[in-house]
Amino acid sequence: MITQNFGNAIKEVQLTAKDFQSSQEVKWCPGCGDYSILAQMQRVAPTFEVSKENFVWVSGIGCSSRFPYYMDTYGIHGIHGRATAIATGVKLSNPNLSVWVATGDGDALSIGGNHFIHTVRRNVGIKIILFNNKIYGLTKGQYSPTSEQGKKTKSTPFGSVDYPFNPLRVALGVGATFVARSIDREPKHMQDMMKKAAEHNGTAFLEIYQNCNIFNDGAYANLTEKETKAEHVIILEDKQPLVFGNNKDKGIVLDGFTPKVVSLADGKYSINDLWVHDENDLSPVRAFILTQFTELDDFPTPLGLFRKEVKPTFEDLVDEQINELKALKKTSTFDEIIGGGNTWTISGNGK
Amino acid sequence: MIEKIEKKVQKLDDVTVRFAGDSGDGMQLTGTQFSTSTALFGNDLSTLPDYPAEIRAPAGSLHGVSGFQLHFSSNDIDTPGDSPDVLVAMNPAALKVNLKDLKKGGTIIVNVSSFDAKNLQLAKYESNPLEDETLKGYNVVQVPMTKATFHALDEVAVSMKEKDRCKNFFALGLMFWLFSRPIDGTVKWIEDKFKSKPLILEANKKSLLAGYHYGEMTEVFTTRFFIEPAKLPPGKYKNISGNEAVALGFIAASYKSELPLFLGSYPITPASEILHELSHYKYLGVKTFQAEDEIAAMCSCIGAAFTGSVSVTTTSGPGLALKMEAIGLGVMTELPIVIVDVQRGGPSTGLPTKTEQSDLFQAVYGRNGECPVCVLAAATPTDCFTLAYEAVRIAIKYMTPVILLTDGYLAQGSEPFRIPEESEMPEIINNIVKPGDEYYPYSRNENLSRPWALPGTPGFEHRIGGLEKSHIYGHVSYVPENHEFMVNLRQEKVDKIQQEIPDIAVRGEQEGDLLVLGWGSTYGAINEAVTRVREQGYKVSQAHMRYIYPVAPNLGNVIKNFKRVLIPELNLGQMATIIRSKFLIEVLQLNKVQGLPFKASEIENHIINLLGGKQ
Ligand code: SF4
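Respectively, the protein sequence lines represent chains E and U.
Everything in the first sequence is counted per my numbering, starting at 1 for the first residue and increasing by one.
Everything in the second sequence is counted per my numbering, starting at 1 for the first residue and increasing by one.
One thing to keep in mind: the hints can contain errors.
[As the list claims (entries may be wrong)] Computed spacing ranges between beta-carbons, pair by pair:
{"#": "1", "chain 1": "E", "residue 1": "Asn280", "chain 2": "U", "residue 2": "Pro426", "range": "53 to 61 Å"}
{"#": "2", "chain 1": "U", "residue 1": "Glu162", "chain 2": "E", "residue 2": "Pro312", "range": "53 to 61 Å"}
{"#": "3", "chain 1": "U", "residue 1": "Asp293", "chain 2": "E", "residue 2": "Ser155", "range": "20 to 28 Å"}
{"#": "4", "chain 1": "E", "residue 1": "Pro187", "chain 2": "U", "residue 2": "Ala53", "range": "33 to 41 Å"}
{"#": "5", "chain 1": "U", "residue 1": "Lys161", "chain 2": "E", "residue 2": "Asn280", "range": "32 to 40 Å"}
[Claimed, not checked] Straight-line Cα separation of at most 30 Å, BS3-like style, residue types lysine-lysine; simulated pairs:
{"#": "6", "chain 1": "U", "residue 1": "Lys231", "chain 2": "U", "residue 2": "Lys7"}
{"#": "7", "chain 1": "U", "residue 1": "Lys236", "chain 2": "E", "residue 2": "Lys326"}
{"#": "8", "chain 1": "U", "residue 1": "Lys496", "chain 2": "E", "residue 2": "Lys326"}
{"#": "9", "chain 1": "U", "residue 1": "Lys195", "chain 2": "E", "residue 2": "Lys326"}
{"#": "10", "chain 1": "U", "residue 1": "Lys236", "chain 2": "E", "residue 2": "Lys330"}
{"#": "11", "chain 1": "E", "residue 1": "Lys326", "chain 2": "U", "residue 2": "Lys193"}
{"#": "12", "chain 1": "U", "residue 1": "Lys96", "chain 2": "U", "residue 2": "Lys124"}
{"#": "13", "chain 1": "U", "residue 1": "Lys231", "chain 2": "U", "residue 2": "Lys195"}
{"#": "14", "chain 1": "U", "residue 1": "Lys197", "chain 2": "E", "residue 2": "Lys330"}
{"#": "15", "chain 1": "U", "residue 1": "Lys434", "chain 2": "E", "residue 2": "Lys18"}
{"#": "16", "chain 1": "E", "residue 1": "Lys330", "chain 2": "U", "residue 2": "Lys163"}
{"#": "17", "chain 1": "E", "residue 1": "Lys326", "chain 2": "U", "residue 2": "Lys256"}
{"#": "18", "chain 1": "U", "residue 1": "Lys96", "chain 2": "E", "residue 2": "Lys326"}
{"#": "19", "chain 1": "U", "residue 1": "Lys188", "chain 2": "E", "residue 2": "Lys326"}
{"#": "20", "chain 1": "E", "residue 1": "Lys329", "chain 2": "U", "residue 2": "Lys195"}
{"#": "21", "chain 1": "E", "residue 1": "Lys326", "chain 2": "U", "residue 2": "Lys434"}
{"#": "22", "chain 1": "E", "residue 1": "Lys329", "chain 2": "U", "residue 2": "Lys11"}
{"#": "23", "chain 1": "U", "residue 1": "Lys496", "chain 2": "U", "residue 2": "Lys560"}
Simulated from the structure, these hints should not be mistaken for lab results.
By construction, the Cβ of each residue, glycine as well, lies at the ideal position given by its N, Cα and C atoms.
Generate the whole structure from the sequences, applying the supplied hints.
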């Protein structure tokens, strides 16, 4: 329940998903993972304790960047790669707003890479939702900076030779204070991560694996199909051991800096030997190691909150400095401000 | 006992001085201090700093020479002077680089201590110009500035290097004496600046006083000069550079509009001082954001404008190029943003510290699609204040990006600024919608301006963006007729700004043979040149454009009243091209692309030649 101010009337309102649905027809391809992300956001947004008018959604260019048009909040559909820069301006100008960025792997990590790392570095209090489908959808199927090496696409008929980005590691590398991952086919998990992102004070970076059924169908099939999912996904839960597998019979142990997949079935390891996840870990090192899993053979892909950290936000630091200076200096008239400094006066008849 | 030498005092109306030395010698500081004292003394003045792009070019080398020219007078003046009357040369390289500009028979004050074999060689002098024929016809005054400075600092416990660095204050002190300027302003400045370094404070102060007394006590100078205060209009004044004036204009606009000021910027020469300057106003709640690049700076302004700030960004040519796509987004979303382009020599990196007017096409035409933006161009350093304010006023009233063109010459040059009263500043009208108002994102008022609904206002949730939007409702629309309608509407809105623009004034006859039409920073040189030719009896009229897009409503009629129109500009004829295509008339050009401003004499001679030579 939130208090909303309608002109003079103050009302207690309970927002619902419907309040966040705009009048615009949603135009993603049928079957696209974006639908589920949108639905979960509309479902969970009413629980954020934020008045509807205080949401601002900002995006760049790409399929995912149409997102703001479908949310009935304030929004800016920006230009390619620049959503985080626009959002930074919004947040700095009015820190009371809840500012969200919808972006894709091409938008955030290719053309927008510079803005992405600097926004995260500054810990601007915005939430960045990265729709990672490992492909360029809107331009009809070129490989992206998260496409796996060897990817055959329209622009790489013989396979791509570039090494891909690991988005969460990039974020951790520049000091991200909230790093999480979810997937389009897990509505409850997505809602949970969105809510945690909403609650975070600072840059919240949430990567969502999203299936582009037109140009990169099945990119995450292993992580979503019933038969393979349990063996390929590990859900990170705070203070819980890293367990996965069909019968919860596998786990991860950490040997120095080296993670190992072990069996809990053969008697060599028990659940007490396993790596216990700590989302508030003071050091980012273990979160780094978790990001490696997607690059290691036979490791499950972690979903969940990798790490968060309490750190003053950019906008708070800016405001703090302003407030300190305001308290020191009480200048306020036009003439004091504009006419300060070394001045001289010329009277009516010359000096 | 030292006997005081009686000195003659000679009255002058008008003097141009140039300080020149190594870029490490503190010439800009010396020039600025001299300007401040001169301003406080009450002369009209105009300055022209000129320094290399390298921060510390090799000492003593020709390309490391930094200069600062100052023209001051007891009359109203427009330019920093064509050629200096006095050159202060701190080393041989400074002499070599600047000698060609000096007025015939002018005075050269040299730091003779620096004329050693090594420095002469660095300056590529085969023999010592103080001893051969090089300076024949000039009035050369040799002062051992380094030696005298060391002597004055005999008992001050600072390093030799520090002592050497004080010689510019010696030179400054000497010039204060020579031109009868008050010295106390600079003394106070030194005391404030070096508060925490008492020895450096003492060294600088002693050097300054030593220079002053040197003039008084030695026989080197027999005459000192006096320039009476100018008769400027009554009011409170301060000396101000174009960049400072832009910053103050924005502060004034934020004050008057009661909206917070947001600056998103990325450092670039010669615009960075605006960022520096505005960063000092945090105590007023000004938010300055040094972004990761030019694009982010512009984009942050889009976010801040959406949110209700007076949103401004500052840059120079290369940065403007990077911002263009985002400026297009500003046009499409119809948000109020001011973009300042402090033009410099181009293309590409070009001449970063030099001046040019070659971004005109870029400002007017440089975006994809039909993308009109209001463009203004400041005429003088203090006009930067007026037009920065005006740019904000127009941006907010018409919900549109506005580009303000200044340039390196205006940005760094300074002149006395009459501080306006708050009541003199025009009202800044905004379209902010209040809860309860009827609201559609792309509805229009009588100025075709759309309403400004700020996030946080219940009931007005709406989306804007780069995709074409439907008239009134603002939904994404691919309807062909709607697109054409919206393209026309955006154009019409910017055209409508013309209703704000005062008629362009013509100086001289209102019709005739020749109109000299200028725009932006060439104002001073053109004005001076036209004054001179008119004094010689030529019938020449003058008009100056500060509103570039749209133009003043009467411009077409003004132009048609003259047989010939001459446009002097610091590019290959960009404004000439615009005027030709707009009014279908022939235009004469006078172009200079050397990274330097026009000298009044260059324009004067050109006009005289056009009119058939000396009569
Ligand atoms: S192209 Fe791919 S990502 Fe884009 S809307 Fe279609 S399915 Fe979704």
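To test your reading of the hints: which numbers does this structure violate? Going through the list in order, the structure violates hints 2, 4, 5, 8, 13, 16, 18 and 22 and respects the others.
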